[in-house]
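All chains, full assembly: derive it from the sequences and hints.
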Amino acid sequence: MQILAISGSLRADSTNTALLRALREEAPAGIEIALYDGLKAIPAYDGDDDVVPGPAPVEALRKLVREADAVFFATPEYNSSVPGALKNALDWASRPLATNAFRNKPVAVVSASAGAFGGVWAAAELRKVLGTMGARVTDAELAIGHAHEKFDAGRLVDHDARQGLRDALNTLVAEVPALLVA
Amino acid sequence: MSTIEQNNQTEQTIPTGTWQADTVHSRVAFEVPYAVATFTGEVPTFEASLEDGTLRGVAQIRSLQVKEENLEAHLLSPEFFDAERHPEVTFASHEIRRNGDAVSIDGEITIKGITRPATLTGTATGPAVDHFGANRLGLQLTTTVDRTAFDINWNMPLPNGDPALSNDVTLKAELTLVAQGEQTEA
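Going line by line, the protein sequences match chains D and Y. Residue numbers for the first sequence follow the numbering used here, beginning at 7 and rising by one. Residue numbers for the second sequence follow the numbering used here, beginning at 50 and rising by one.
Treat the hints with caution; some may be incorrect.
Computed spacing ranges between beta-carbons, pair by pair [claimed, not checked]:
{"#": "1", "chain 1": "Y", "residue 1": "A141", "chain 2": "D", "residue 2": "E31", "range": "17 to 23 Å"}
{"#": "2", "chain 1": "D", "residue 1": "D97", "chain 2": "Y", "residue 2": "D211", "range": "25 to 31 Å"}
{"#": "3", "chain 1": "D", "residue 1": "T177", "chain 2": "Y", "residue 2": "Q109", "range": "28 to 34 Å"}
{"#": "4", "chain 1": "Y", "residue 1": "E96", "chain 2": "D", "residue 2": "R161", "range": "40 to 46 Å"}
{"#": "5", "chain 1": "D", "residue 1": "V163", "chain 2": "Y", "residue 2": "D211", "range": "47 to 53 Å"}
{"#": "6", "chain 1": "Y", "residue 1": "E133", "chain 2": "D", "residue 2": "N85", "range": "49 to 55 Å"}
Below are the DSS-like pairs computed for lysine-lysine, each with C-alpha atoms no more than 27 Å apart in a straight line [to be verified]:
{"#": "7", "chain 1": "D", "residue 1": "K69", "chain 2": "D", "residue 2": "K46"}
{"#": "8", "chain 1": "D", "residue 1": "K93", "chain 2": "Y", "residue 2": "K221"}
{"#": "9", "chain 1": "D", "residue 1": "K134", "chain 2": "D", "residue 2": "K46"}
{"#": "10", "chain 1": "Y", "residue 1": "K116", "chain 2": "Y", "residue 2": "K161"}
{"#": "11", "chain 1": "Y", "residue 1": "K221", "chain 2": "D", "residue 2": "K134"}
{"#": "12", "chain 1": "Y", "residue 1": "K221", "chain 2": "Y", "residue 2": "K116"}
In case anyone wonders, no lab produced these hints; they're calculated from the structure. Note that this is a predicted model, so its numbers are computed, not measured. Note that the Cβ used here is the ideal one computed from N, Cα and C, for glycine as well.
Take a look at the structure:
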């Protein structure tokens with residue numbers, strides 16, 4: 007099973023990207039987690055550029071999403087919402103809306119932030135956006151507050167957070183149709 | 050002059066035997082209050098039958114048609130019907146009561162894989178023989194369901210705080226059922 011992992015943060019020391027590296031460590035045999043690293047290359051959405059084919063980085067993202075059995079997001083929270091770069095990438099990926107790559111795709115959203123609430127509002131808004139795009143938004147929930155205290159040299163060391171990641175992954179995997187499991 | 054000749058012997062009862070929907074002359078649709086108006090759609094691919102007093106219907110929700118393709122896709126998505134996982138909406142009756150033209154049908158409806166009791170009410174016309182000699186029974190049926198009972202929970206608040214989309218949805222079936230395995234002289 008192939009799961010595409012997308013971090014909403016571009017920062018090299020991002021705790022959300024580090025969360026996805028931890029997710030890869032926690033994944034059982036048979037579940038391959040691929041970390042998406044193309045977010046920064048996605049241009050600002052412009053309807054005039056929204057032609058077939060779209061910009062190469064956009065087409066690459068659409069292909070990765072189509073080929074994945076599921077997509078796992080980890081997002082920070084900027085001004086109580088989804089980071090602009092991530093929202094912009096999803097706006098591209100959502101086109102054309104009726105047949106976009108995320109339609110019926112199982113997705114999980116977790117979040118981490120330095121604040122106490124762990125990015126719950128960003129996660130909620132991201133789930134709303136994905137639902138509107140037609141994704142199969144799972145009930146997976148994990149919001150890691152004071153995230154910077156839970157990593158050591160970029161590695162997640164918090165036991166509860168790792169358990170939360172495993173739970174979220176299991177919830178996501180359960181939504182992947184059995185026929186697609188390798 | 051009417052091309053349909055009433056068969057008075059069976060007018061007041063639901064007939065026995067097997068009857069299949071003539072889908073060209075039948076329709077399955079829904080209506081739901083949205084903002085200040087009523088939003089409507091159709092599900093053109095369906096089958097319906099009346100067999101020894103039991104009415105059954107199966108509608109293929111992927112065939113759902115509204116006037117905008119993106120909205121159609123939204124309605125088929127997991128936020129609404131989840132057509133990928135639950136491609137059919139079905140109905141099966143337990144009891145059919147007819148009193149003159151009025152008909153009331155108790156049964157169960159299944160939407161998004163969830164089955165709930167439902168009573169369809171409306172009118173029955175015929176049976177009557179058409180201009181080709183086929184025996185036809187008309188059923189015009191409606192029921193109102195709470196869509197949230199079928200895990201269809203999407204909504205959007207209006208500026209005044211009220212939800213944009215009603216939870217109560219009216220389902221309509223206008224059926225022309227044709228008797229099978231018999232030919233009646235016109």
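- Query: What hints, given by number in increasing order, does this structure fail?
  - Reply: Hints 1, 4, 6, 8, 11 not satisfied by this model.
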